[in-house]
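These are the residues of each chain, in order.
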Amino acid sequence: MKNPPSSRRSADDRGFRLATGFSALLVVLLVAAIGLELYRTSHLSIAKFGLRFWKTTTWDPVAGQFGALPFIWGTLYSSVLALLLSTPVALGIAIFLSELSPRPLRTPLAFLTELLAAIPSIVYGLWGIFVLVPAVRRLEVWTPDWMKKIPLFSGPPLGVGMLSAGLVLAVMVIPFTSSVAREVLKAVPSTQREAAYALGATRWEAIQAALRYGRTGIIGAVMLGFGRAIGETMAVTMVIGNNPRISWSVYAAQHTMAAVIANEFTEADTDLYLSALVEIGLVLFVITLVINALSRFLIWSVTREVKVKTVAPVAPPAAAPEAAA
Amino acid sequence: MNGTTRRKLLSGFVVFLCGAAVVVALVPLFLIFAYVLQKGFSSLSWDFFTRNPRPVGETGGGMANAIVGTLILIGIASGIAVPVGMVAGVYLSEYGKKPFGSLVRFTADVLNGVPSIVIGIFAYGLAVLPVKHFSALAGGLALGFMMIPIITRTTEELLNLVPGTLREGALALGATRARAAFSVMVPAALPGIMTGILVALARIAGETAPLLFTAFGNRFFSTRLDQPIASLTVQVFTYAISPYDDWHRQAWAGALVLVAVVFLFSVLARVVTRRLERMHRT
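Protein chains in written order, with my numbering: chain A, 1 to 325; chain B, 326 to 607.
Hints may be right or wrong, so weigh each one.
Claimed, not checked - Listed below are the simulated DSS-like cross-link pairs for lysine-lysine, each with C-alpha atoms no more than 30 Å apart in a straight line: (1) K186(A) x K457(B); (2) K48(A) x K457(B); (3) K186(A) x K333(B); (4) K55(A) x K149(A); (5) K186(A) x K422(B).
Calculated from the structure, these hints are not laboratory results.
Sequences are here, hints too, so could you generate the full structure?
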């Protein structure tokens with residue numbers, strides 16, 4: 001049923017579509033341009049060091065020796081530590097807000113937890129330097145001797161170091177993981193819980209059923225938090241001690257990829273030095289790109305079913321699909 | 326029925342743990358707020374807003390240069406990001422069902438997750454390396470790139486809240502798609518879109534990492550776009566890691582200003598979005 005619009009009008013419509021589509025294309029091009037530009041600038045270092053760049057531990061700008069392993073180590077260590085600390089809390093929040101919380105508390109609590117994501121990184125860092133680090137130092141001084149023999153807790157009590165970084169990162173990551181996990185749990189059909197209850201399940205067992213149903217999305221939520229932790233710069237660099245040494249100890253001052261870029265970029269006096277830093281940035285870019293893409297895909301695979309459902313029928317207001325709580 | 330009791334106890338225990346998790350997350354939030362408020366208010370003064378930094382080692386002075394610098398930087402950023410992001414958002418809500426729409430949405434989300442320091446390197450390569458000096462323009466560019474995906478997604482989301490019947494009405498009256506979008510749909514969603522922009526602004530106003538080697542920072546008052554420029558965040562960073570007590574105090578004052586702006590915008594956004602949702606639901 002082609003209606004006959006004037007040809008001018010359909011030309012206008014096509015123009016509108018192309019013009020707005022161009023803006024949308026710019027978003028895609030931007031990501032591609034970032035990748036290309038980083039690759040171009042890091043070419044010198046890639047050509048000179050190759051894979052050795054990621055396997056060696058000597059970072060000596062004066063001698064022109066660049067090995068980035070300590071930074072990779074620090075980034076992974078701090079992010080995994082943050083993940084271990086934040087995931088139980090974030091999932092607890094998501095479960096509480098979507099399944100357990102009394103209705104009037106739900107919105108304000110969600111708002112408050114998400115406020116954690118709004119606090120600028122630099123404020124976390126400032127708070128970290130003046131409040132958290134002294135507190136961590138006190139904790140480290142207080143460590144009993146038998147514990148210090150374990151490599152995980154060895155070394156002098158500096159305050160700055162992996163533990164402080166992990167704690168700050170954990171707090172910063174919580175709101176991202178919890179809000180996505182909440183979306184995922186919301187997307188789990190209430191029939192899943194009702195079926196569990198009908199079989200005589202307790203609350204926790206019904207929640208487990210919901211978690212199992214949405215587990216792909218939950219994994220996505222955790223990965224999203226991981227991506228955030230890997231790229232976090234300011235708060236980490238202010239509390240981790242910025243020392244490129246590989247150590248298992250959470251008390252040791254270490255370094256991360258993002259932190260070394262932030263610290264040394266303006267000091268890079270040779271092309272090779274700059275190029276080495278940009279190569280670290282390039283890898284950071286690629287890692288976060290992959291993690292984000294993967295997590296978005298996982299989240300989408302769970303939540304899309306709900307989106308489809310909300311479009312189709314107009315549910316009567318009485319039958320609001322709330323969990324049988 | 327020992328088993329049942331145990332299951333019930335376990336269930337109660339887990340419910341308790343989930344509630345405890347909320348408390349655990351809120352403790353750092355309140356601690357940070359408390360410290361920033363307490364330390365910030367005691368160091369905030371009129372001078373903070375009106376004076377420039379004093380020479381190193383002298384106490385007093387303020388961050389007037391950094392406040393103006395931040396305003397200029399977010400001005401440049403919005404000049405770039407608002408048109409691009411808004412129009413891309415209009416595209417997504419009008420034609421976004423096609424595969425290309427999904428691709429754009431996906432890239433925008435991924436771009437949103439790219440570390441800000443990486444965006445900073447990109448802006449450095451684009452605007453600092455060719456001219457061999459830091460500039461406000463480079464800083465604004467970096468912040469603008471960060472804003473684009475946020476504005477694109479919020480614009481789309483809020484346009485989707487506007488009932489499609491409005492568009493159909495406009496089209497039925499003979500309007501072109503462009504007219505229906507910009508004269509009917511966008512105005513209907515405008516309060517929401519404006520808040521979306523405010524939220525994006527609040528987020529980039531608190532960014533430090535991408536400015537370190539683009540806008541760089543400046544101890545003096547400057548409004549020139551081709552020169553290094555101060556910003557609140559970089560100044561707070563420099564002061565925080567300095568050895569001077571007076572600078573630490575000013576850093577807390579700066580943090581208070583940042584947190585206040587962010588908090589205000591978040592609450593505002595919340596209120597407007599709620600109202601829009603309620604308005605269009607019926």
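Pairwise hint evaluation, K333(B) against K186(A), where the allowed Cα distance is 30 Å at most: Given that 30 Å is the threshold and the Cα spacing comes to 24 Å, the pair holds.
Between the alpha carbons of K186(A) and K457(B), is the straight-line distance 30 Å or under? violated (51 Å)
Need the status of pair K55(A), K149(A): alpha-carbon distance at most 30 Å? holds (29 Å)
Holds or violated: K186(A) with K422(B), Cα cutoff 30 Å? holds (23 Å)
Given the hinted pair K48(A) and K457(B), is their Cα-Cα distance within 30 Å? The hint holds at about 24 Å.
In terms of the numbered hints stated before, the structure departs from hint 1 and from no other.
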